[in-house]
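Engineer: Sequence:
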Amino acid sequence: MANKKMKIGVVGLIRGEFVLKCAKYLPDRMEIAAVCEINEETIKNVKEKGLIPEGVPIFTDFDEFIKCEMDGVVLANYFTGHCELAIKAMRAGVPVLSE
1193 MANKKMKIGV VGLIRGEFVL KCAKYLPDRM EIAAVCEINE ETIKNVKEKG
1243 LIPEGVPIFT DFDEFIKCEM DGVVLANYFT GHCELAIKAM RAGVPVLSE
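Just so it is clear: in the sequence shown, position 40 is 1232 by this note's numbering, and no numbers are missing.
Simulated from the structure, these hints should not be mistaken for laboratory data. Keep in mind it's a predicted model, so treat the numbers as computed, not measured. A few of these clues could be false.
[To be verified] Using C-beta positions, here's what the derived DEER-type ranges look like: (1) Glu1276 with Asp1220: 29 to 35 Å; (2) Ile1230 with Ala1284: 16 to 22 Å; (3) Asn1195 with Asn1231: 31 to 37 Å.
[Stated by the list, open to error] Cut-off 27 Å, straight-line C-alpha distance, at most; resulting in silico cross-link-like pairs (DSS-like, lysine-lysine): (4) Lys1259 with Lys1236; (5) Lys1196 with Lys1259; (6) Lys1199 with Lys1280; (7) Lys1213 with Lys1241; (8) Lys1196 with Lys1236; (9) Lys1197 with Lys1259; (10) Lys1196 with Lys1213; (11) Lys1216 with Lys1259; (12) Lys1241 with Lys1199; (13) Lys1213 with Lys1259; (14) Lys1241 with Lys1197; (15) Lys1239 with Lys1197; (16) Lys1280 with Lys1259; (17) Lys1216 with Lys1236; (18) Lys1196 with Lys1280; (19) Lys1213 with Lys1236; (20) Lys1197 with Lys1213; (21) Lys1259 with Lys1199; (22) Lys1213 with Lys1280; (23) Lys1197 with Lys1280; (24) Lys1213 with Lys1239; (25) Lys1197 with Lys1216; (26) Lys1239 with Lys1259; (27) Lys1239 with Lys1216; (28) Lys1199 with Lys1213; (29) Lys1199 with Lys1239.
Heads up, the beta-carbon is just placed ideally off N, CA and C, and yes, glycines get one too.
Using the sequences and the hints, build the whole thing.
Structural biologist: Structural data, given as structure tokens:
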């Protein structure tokens, strides 16, 4: 069976940087579908590092983010927020990895 390239959404860009790096070094296996981060300064810092691929949508609102087409989402935000976001993602039919 051929390996499918996965479209991954990332929530939380401080701890989620590792997912962005994985996508960068494994372009035949995964791509970043969208990112979500509530802190504008963090978004700016991660963009300056060149880790968010060109054209990837950036959201500060999870409810808008989860509408993007993705095969799964990695929750790398504050741990206390994982439960609520995981439930929302699963209700939207998106598999969740809680980092």
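Engineer: Against this structure, judge whether each hint is valid.
Structural biologist: Consistency of the hints with the structure:
1. Glu1276 with Asp1220: 29 to 35 Å: 34 Å, holds
2. Ile1230 with Ala1284: 16 to 22 Å: With Cβ atoms ~19 Å apart, the hint holds.
3. Asn1195 with Asn1231: 31 to 37 Å: 34 Å, holds
4. Lys1259 with Lys1236: Satisfied, since the Cα-Cα distance of roughly 23 Å is no more than 27 Å.
5. Lys1196 with Lys1259: 21 Å, holds
6. Lys1199 with Lys1280: With Cα atoms ~18 Å apart, Lys1199 and Lys1280 stay inside 27 Å; holds.
7. Lys1213 with Lys1241: Distance ~11 Å between Lys1213 and Lys1241 Cα, so the pair holds.
8. Lys1196 with Lys1236: 31 Å, violated
9. Lys1197 with Lys1259: At roughly 19 Å apart (the allowed maximum being 27 Å), Lys1259 and Lys1197 satisfy the hint.
10. Lys1196 with Lys1213: Within the cut-off at roughly 19 Å; holds.
11. Lys1216 with Lys1259: The hint holds at about 23 Å.
12. Lys1241 with Lys1199: It holds: about 21 Å lies between the C-alpha atoms, which stays within 27 Å.
13. Lys1213 with Lys1259: 23 Å, holds
14. Lys1241 with Lys1197: 24 Å, holds
15. Lys1239 with Lys1197: Since the Cα atoms of Lys1239 and Lys1197 sit roughly 23 Å apart, the hinted pair holds (cutoff 27 Å).
16. Lys1280 with Lys1259: 11 Å, holds
17. Lys1216 with Lys1236: 18 Å, holds
18. Lys1196 with Lys1280: 25 Å, holds
19. Lys1213 with Lys1236: 16 Å, holds
20. Lys1197 with Lys1213: 16 Å, holds
21. Lys1259 with Lys1199: 13 Å, holds
22. Lys1213 with Lys1280: 26 Å, holds
23. Lys1197 with Lys1280: Roughly 24 Å between the alpha carbons, so the hint for Lys1197 and Lys1280 holds.
24. Lys1213 with Lys1239: 12 Å, holds
25. Lys1197 with Lys1216: 13 Å, holds
26. Lys1239 with Lys1259: Holds, because 22 Å separates the two Cα atoms, which is no more than 27 Å.
27. Lys1239 with Lys1216: Holds. Lys1239 to Lys1216 sits at ~13 Å (cutoff 27 Å).
28. Lys1199 with Lys1213: 14 Å, holds
29. Lys1199 with Lys1239: 19 Å, holds
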